[in-house]
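Chains as they are written, first to last, in the numbering used here: chain A, -11 to 462; chain B, 298 to 504.
Hints are all accurate, no fakes.
Here's a subset of chain A near chain B, in silico, CB distances under 7 Å, partners left out:
id: 1; residue: V4
id: 2; residue: M67
id: 3; residue: A85
id: 4; residue: D117
id: 5; residue: H140
id: 6; residue: A143
id: 7; residue: A183
id: 8; residue: A243
id: 9; residue: T282
id: 10; residue: G423
Note that these hints are calculated values from the structure, not bench results. From the three backbone atoms N, C-alpha and C, an ideal C-beta is built for every residue, glycine too.
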Amino acid sequence: MTPRTLFDKTWDAHVVAQDDTGPALLYVDLHLVHEVTSPQAFEGLHIEGRTVRRPGLVVATMDHNVPTTGDGVSEADDMSRAQMDALRHNCEESGIACFGAGHRWQGIVHVIGPELGLTTPGMVIVCGDSHTATHGAFGAFALGIGTSEVEHVLATQCLRQSRPLTMEVRIEGSLPPGVTAKDAALGVLNTIGTAGAAGHVVEYTGSLVRSLSMEQRMTLCNLTIEGGGRAGMIAPDETTFAYIQGRPYAPAGSAWEAAIAAWREMRSDDGAVYDRSVSIDAATLEPTVTWGTTPAQSVPVTGRVPDPESFADAAERESATRALAYMGLKAGTPIQDIAIDAVFIGSCTNGRIEDLRAVAGVLDGRRVRPGLRVLVVPGSAQVKLQAEAEGLDAIFTSAGAEWRNPGCSMCLGMNPDILQPGERCASTSNRNFEGRQGRGGRTHLVSPVMAAGAAIEGRFVDVRRLATPVGSRS
Amino acid sequence: MRPFHREEGVLIPLDRSDVDTDQIIPKQYLKRIGRTGYGEFLFDDWRRDGSRTPRPEFVFNQPAYTSGTLMVAGRNFGCGSSREHAVWALTDYGIRAVIAESFADIFRSNALGSGLLPVTLPAHEVRALLDLAGEQPGISATVDLETQTVTCGDLRFAFSMDGFERRRLREGLDDIGLTLEHEDEISAFESRRPAWMPDLQRAVEAS
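Hey, can you work out the whole structure from these sequences and the hints?
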């Protein structure tokens, strides 16, 4: 039998129908739903008199709009509340489990799937959100879809997809001190560009990837979409199984044995061929800061804002020129001379318990720079509880940071957490697009420890030079 | 879905790459629960300043282009967020086809599902269209799905599109209806799924 990749195996196991030409019909094992991209899908079903085919394979939560203060509802604007009400109503009517505002399992959709044991290897997972790639960390084929596709999956539990190409991103070595999975992901994007993985499913392989925790793997897969990849995947191993075991919806007892036997098969065969391969040496990775308005526009923290003229490609030169104008930066400025106004720690990229522990490790016994606004937003209600049980919240608040309720928050600024025009933010999120965190806001993407370091100094700082070793607390 | 056969209209040149969906429709306008009314906010941060005064330099605000129904942009158009609202904003504004060097995957799927034609052309052809539409503001172009060509002035370029996508756009097909024709195969697939896979309904019934 021809050796197959992890992706090939997952795809082949989900083809319901395939015409001679055109896309395949794939079965969807898990459909995650949130308040912003679903109302029109449910409305479409109503108009056509259709129903949700498999409500048991759909899970809803509220994350994009929810205020991170108060009860998560009363401080929402009217339109946000209308979306949350619509989701609650649609789920009740269709028999879909909804972990809405105030629920103990509420949180960012890509945090709660894994946390509840719903995300497991070999699945096809979809969500009306581009960061669905996150779930690929478990060896699932997980992709973001639009609202018309949400409606299609609700009605049919299937998705039409043309088969993507495969791309291996191999990272060998181990993470140097102060360097995180976020830096690895930004490094990959800097290497391949914003469309470097377009049309491809990326499988991350290599000794670095194997050494990462599930949280770090999720960070790496999460950012696949920023390189245009349709999904990111990592073959499951003992680290994966240990993370899943015992979670609320994870298989248990004899089902666990059956599941784990199937999951062990979910890896690329020796000799499997990828359509493309990229190799990165982990030793070359450094704490990274984006300077522009795409996640691929980054340099090591020890570097300088580049001169647009230094790019060979005309489109890149034009893009860099526009980015520097928007970001209010001058070519040649050392990254560590850039002062910031705000820090955002959270999101589906870096809002998990390990991320918060790493931040606490830097902030413990220190103060954030006076005048700086520092938001720490847990990725889910469970992450919040866990952090509080470990006393992390006390470290954040005594350092002068704000400890909030779970949600997407300032990652995309749909709730009240936004930047003001011209404000500059060190952010652990995933997008530094113009206006992403608020109209006129300027976003620099960094790792959690780099964000914590910036919070203390009020400017970017090389975390490797901070006195306390990073992560010493945990 | 409105079928697409052929569209002749003013070509709007948006000479930028990596146009992300946050720019096409900023997040503050994603809070509606309907599919209409987004066109007013298309490229909102580029079209208007903080006090909502139109920025005259932005191409969509220039009189020669305001009636445009076709647009051309650089590579990786529609990257970022999966929001289909970006497609709805373009179609609601009146755009029927976008020509670009490349499209982000999710945007392209969304466009095909909402009757917006995504036309991919090589870099030098996109450049020629951007230059021509920039030098002759208000010039008309034609995008023809029947002949799979783009014409503008003396320029004539062929594009390709797979058979299923083309048929879907030409006939304005209902995707869900098409899929439900495979009911037997879907049911058969469901009967083969391993019992250990999560099912929240089963979990509720068991508890």
